[in-house]
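Q: For the record, the sequence lines run as chains B and X.
Mapping of the first sequence onto our numbering: residues 2 to 242, in sequence order.
Mapping of the second sequence onto our numbering: residues 7 to 140, in sequence order.
Warning: the hint list may mix true and false statements.
[As the list claims (entries may be wrong)] Rough simulated footprint, nothing fancy, chain B against chain X, three-plus residues with beta-carbon under 8 Å:
1. 12 to 19
2. 50 to 59
3. 62 to 76
Because the hints were derived from the structure by calculation, they are not lab data.
Even glycine gets a Cβ: it sits at the ideal position worked out from N, Cα and C.
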Amino acid sequence: MSLAAAAATAHATTTITTTTAAEAHGFLSPTGVEIAFLLVGLVTFGAALITVTTRQLVHAALWLVVALGGLAVEYLLLTAEFIAWVQVLIYVGSVVVLLLFGLMLTKAPIGRSPDADSGNRWVALTVAVVAAATLVWVVVDAFRTTWIDLDGPAAGSTRATGESLFQNWVLPFEALSVLLLAALVGAIVLSRKAKAESSSPPVNSRAATGSSPSVPDSRNHPIEGNGRGEGTSPAEQEGAR
Amino acid sequence: MHLAYPAVLSALLFCTGLYGVLARRNAILVLMSVELMLNAVNLNLVAFDVWLSRAAEETLHSGQALTLFTITIAAAEIGIGLAIVLAVHRNRGTSDIDKLRDTAEGPEPEGPEPDGPDHDALTAGQAEKAEATA
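Kindly produce the complete structure, drawing on both the sequences and the hints.
A: Here is the structure:
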């Protein structure tokens, strides 16, 4: 009985809070921050769509810069300034540059590449649209009467972030540095040229029967295999043009 | 600000990245789509952190700490992922993930795409030729 009464009281309290919130903020009178958020969000979403649909690989990386920069502006609008500048530094500054280096080193075709999209594009589109519809419906239904209070001191200022990070999250922070060290060592080990090619164990039989045509060549004659890889990409480029 | 704006934007960005992961063929484009998905999660974390720090008097700022961790882990992931893609490209001469089917089950992969049978027939013919010459 007392539990039910407490629950009813809590429910009444939340109802009062949400009604007052709904009265304080109108549905059809967006504030300037909301309009700015909406416009930047449209730009971000459009850039993301172009990133996943364009057939020019380098353009995809450059549109990714627009999407990530738009997200940094969204963080600024949400008063999370430290996260915004970290986003600019790490994503726009290093991750996209790394992706561009990867595109160059794998000899990605310049211009339109005809096989950028896989054959299961329509299945992927169906899955993505259904997931988007479900998520948007659930999220809008759940947070219909919830407002972020952006007035007063900024909730995500560098001071607040730093204090919480170095008072409450010190151990995960240090563990993260160990993870970065492990990633560094792993990337170096992976990208080093393997010296002992002959002592490596034999590849499985399916690779030897030629399920992918360049495998036997590249294993028996590595230099010719590389030359072959270089030879195919200009042909693909010309085919793309 | 209405909380639905950042939540809807992050849901849409996540599904855009999901489409990219499923539909792209180049491994580096797949990595770009993974970055989009991670950024959608980051936007969600920041928005809910800003909301809860005011609405629930939450002073831990766990959302922002988690966002920083996610950004760092994404940077590590992109480094390792590109190293793997480069190693595969050096060995195979391709970064096309549809062609990396060495661990697929069955005698020959049967692609659902329209150009799959031709490619498979060509590969099978090459395999038979290789076996005949051997």
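Q: Go through the numbered hints given earlier and state which of them the structure violates, listing their numbers in rising order.
A: The structure breaks none of the hints.
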